[in-house]
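Chemist: Once you've looked at the hints, dock chain B with the ligands against the given chain A.
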Amino acid sequence: MTTITMTSQRSERPPWLRNVFQRGWRMGILLLLLVASLGMAPLADAQADTDREMATAAPGISAEQWRQVRSGETGPNYRDSRFDSNYNLINASGETWRQIRNRWVSPFGLIAIGGMIVVIALFYFIVGRKHLDEPRTGRKLFRWSLLMRSLHWTVASLFIVLALTGLNLLFGKFVFRTLFGDAVWAWMISASKVLHNYLGPLFGVLLVVLLISLLKDNIPKKHDWVWFKKAGGLTGKHHPDAGFANGGEKAWYWLLATVGLVVVASGFVLDFPNYGQSRDTMQWANIIHAVGALGLTAVALGHIYIGTIGTEGSLEAMTTGYVDETWAKEHHNLWYEEVKDQAMSEEEIAALKSNSSGDASASKPS
Amino acid sequence: MAQMKFMCDAERCIECNGCVTACKNANDVEWGIQRRRVVTLNDGEADEMSISVACMHCDDAPCMAVCPTDCFYKTDDGIVLHDKDLCIGCGYCLYACPFGAPQFPKQNAFGERGKMDKCTFCAGGPAESKEEEYQKYGSNRIAEGKLPLCAEMCSTKALLAGDAQDVADIFRQRVVHRGHKDGAWSNNPQASTDNLAYDAARKG
Ligand code: HEM
Ligand code: SF4
Ligand code: SF4
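Sequences listed follow chains A and B, in order. Quick note, the first sequence lines up with residues 1 to 366 if you use full-length UniProt numbering. Quick note, the second sequence lines up with residues 1 to 204 if you use full-length UniProt numbering.
So that you can see chain A by itself, here it is in the shape it has in the complex (with noise of 0.2 angstroms):
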C-alpha cells in the first residue's frame, strides 16, 4: 500500500482523479485502481514509456550512493538490523584479498619453498659440504651458554612447529583431505590451526628475548660489507674476515629482527579477534603474515642447511656449546684471536663441567 499511497500524494494526476480523492472516497478508489492495474498490466508492459515512468516512481538511490555501496563505505544514515554488526553492505576488499591470497601469496609461496630446496639439493650435490680447510686441533672454545642454546632450539622447534601448521593451514587441503579422507583430515587441520594459534605468541615473545639477547653480537660492521661482496667465501679462496657472527649470520639475525617481528605482529592481529579488528585490517594482516612468514621459511631452510650439514663443525656449537679452534680460525677470525687464549682440551672441559656440575657459562668471554 506504501507505493500507492505515495503515487497519490504525486501532482500528475488528471483533475479529476483529484476531485475524486478530495472528495474522501480515497479508500474506494484505491482498491480500485489497484484491480484495474492488475488487469491492465500486460497491456502496460507492452507500451511501457519508460522515460516517463521513470520520472514518477519512488525516488531510488542515487549514483552517489550506488558508488558508496560498491566501495565498501557507510554514510550515516546506514542502518543494519543484525546485532554488534559493523559491516557494510558488500565487503568490497573481500575479493581483493582472495585474489591475492589465491593467485599470488599462495603459489608464489610455494615456489619460494620449492625453489628453495631444490637450490640447496643441487648445492649440496654440486659443491657438496663446507669442510674444514686445515685438520682439528682438537682443542676447544666456548661459544654457545646452555641457556642460549635451549633458547634458540625452543625457538627453532616453535618455528618449524607454525611453519609446518601454517603451511598445512595454506596447502594442506590439496594434498591430505584426498590421502587420509575427512576423519583424518579434520583432525589435522583443526590441531595444525590450535597449535598455530597458541604457539605463535609463545614463538613471539621467546623470539623477542632471542633477539635481545643477541643483539650485541650482531651489530652490522665494515668488514661484514666485505664478507657479502666475497659471498661468505664462496669465492676466492680465503675466509673473509668475521667475528662472533659472519654476515651471513646477521643478515639472519636482522631479517628476524625485522620480518620475523612483522610476521608476530600480524600473527598477533590475526590470533586475538576479541578486540574486534575489522576485516579489512584482518585481511591485511593475513595477507603481510603469510608473505613473511613464507619468505622466512625459505630462508630458514638455508639457516638450518649451512648450520647442519652444509658446513663442518657449526652444529656443534649449538649442541655441545664448543667449537674447534680450526672452525673458529677459518669462520670467525676477528673472534678467535679475541678467545685464542681460552682454548681448553676435552679433559680441561670435562673437568670444569664436573666442577661447576653444569654449564661452563662462566667462561664465556666478553
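FYI, nobody ran anything at the bench for these hints, they're computed from the structure. Note that CB positions come from ideal geometry on N, CA and C, so glycine has one too. Accuracy of the hints is not assured; some may be wrong.
[To be verified] Some chain A residues flagged as far from chain B (calculated, every beta-carbon gap over 12 angstroms):
#, residue
1, G114
2, G115
3, I117
4, I120
5, L122
6, A163
7, D241
8, I304
9, T308
10, A350
[Claimed, not checked] Okay, the calculated bits of chain B under chain A, using three or more residues with CB under 8 angstroms as the criterion:
#, stretch
11, 40-47
12, 66-74
13, 101-111
Modeler: Chain B with the ligands only, in chain A's frame:
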C-alpha cells in the same frame, strides 16, 4: 538442475525484518547469530532503500575458494553448504564473503571462534541423522520440497527465493511493469545504460 538464488527487490522491501525473524525461528539459530540481516541505506531520507541480505549462494563462491579445510560444497541445486565437523573457525570465509554472511558464535583470544554458521537456503547440511542435522544447521525445507522460510514469509514479496530462472522471470515482469530503466536500483548508472526495462519488455 535448478540453480537456487535469492533476490531482494529493494523497491519493495519495507524493512520489517520478518525474514530475519522467520529464519531465526525456522532454523533455531544459535544465540548471537542472525543468518539474515536487513540493511537500510539513507535511513530517514527521501531516498531510503532497504535490502535483505544473507548468503547469496555464489556461483564462484569466495568462501569455498579460501577455506583452509575445504569444508564447503555446492549441492546439485547450486546451494553452498558447509561441514561443521571440518570447520576450524579460522574466519577466512568471512574475510572473503562479499555479503558478510558467515558468522561465529564467539570471538575469543587465540582465534577461538567456534564453528562458522551461515544461511543454508533452508537446506540443512551434512549429518548422520535428521536430528543432528537440525541441531547443527537448522531445518531442511528443501528436502521437504519447500523454499526458504524467509522468502515464503516476506509480506511484500520483496525477497524472492527459488530457481534463478523463475526468480529472474518474476523480477523481469516487475521491471517491465514499473517501467524503470534500471529495475529496482534506480539511478544506478550502469543499469540505466543497460536499460533493463527495455530489454525485459523486448524479451518478455
Ligand atoms: C615464523 C613463524 C610463523 C610461520 C612460518 C607462520 C606461517 C603461517 C601461515 C603460512 C599461515 C597461513 C596463511 C594463509 O592460510 O593464508 C599462518 C596463519 C596464521 N598465523 Fe602464522 N606463522 C608464524 C608465526 C606466527 C605467530 C608468531 C603468530 C601469532 C602470534 C601466528 C598466527 C597466525 C594466525 C592467527 C594465522 C591465521 C590462521 C588461523 O587463524 O587459523 N603465526 N601462519
Ligand atoms: S557465504 Fe558468502 S561467499 Fe560463500 S556462497 Fe554465501 S554469499 Fe557467497
Ligand atoms: S571458518 Fe570454517 S568454513 Fe570458514 S574458512 Fe575457516 S574453516 Fe572454512
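Chemist: None of the hints should be skipped; say for each whether it holds.
Modeler: Going through the hints against the structure:
1. G114: Fine: 20 angstroms to the nearest Cβ keeps G114/A off the interface.
2. G115: Correct as stated: the minimum Cβ-Cβ distance to chain B is 23 angstroms, above 12 angstroms.
3. I117: Non-interface label stands for I117/A: nearest chain B Cβ at 23 angstroms, farther than 12 angstroms.
4. I120: At roughly 27 angstroms from the nearest Cβ of chain B, I120/A sits farther out than 12 angstroms, so the non-interface label holds.
5. L122: Label holds. Min Cβ-Cβ 32 angstroms, cutoff 12 angstroms.
6. A163: holds, 15 angstroms
7. D241: Correct as stated: the minimum Cβ-Cβ distance to chain B is 46 angstroms, above 12 angstroms.
8. I304: holds, 26 angstroms
9. T308: holds, 31 angstroms
10. A350: Holds, since 45 angstroms exceeds 12 angstroms.
11. 40-47: holds (count 8)
12. 66-74: With 5 residues closer than 8 angstroms to chain A, the stretch 66-74 of chain B meets the three-residue bar; holds.
13. 101-111: holds (count 5)
Checked against the numbered hints above, the structure breaks none of them.
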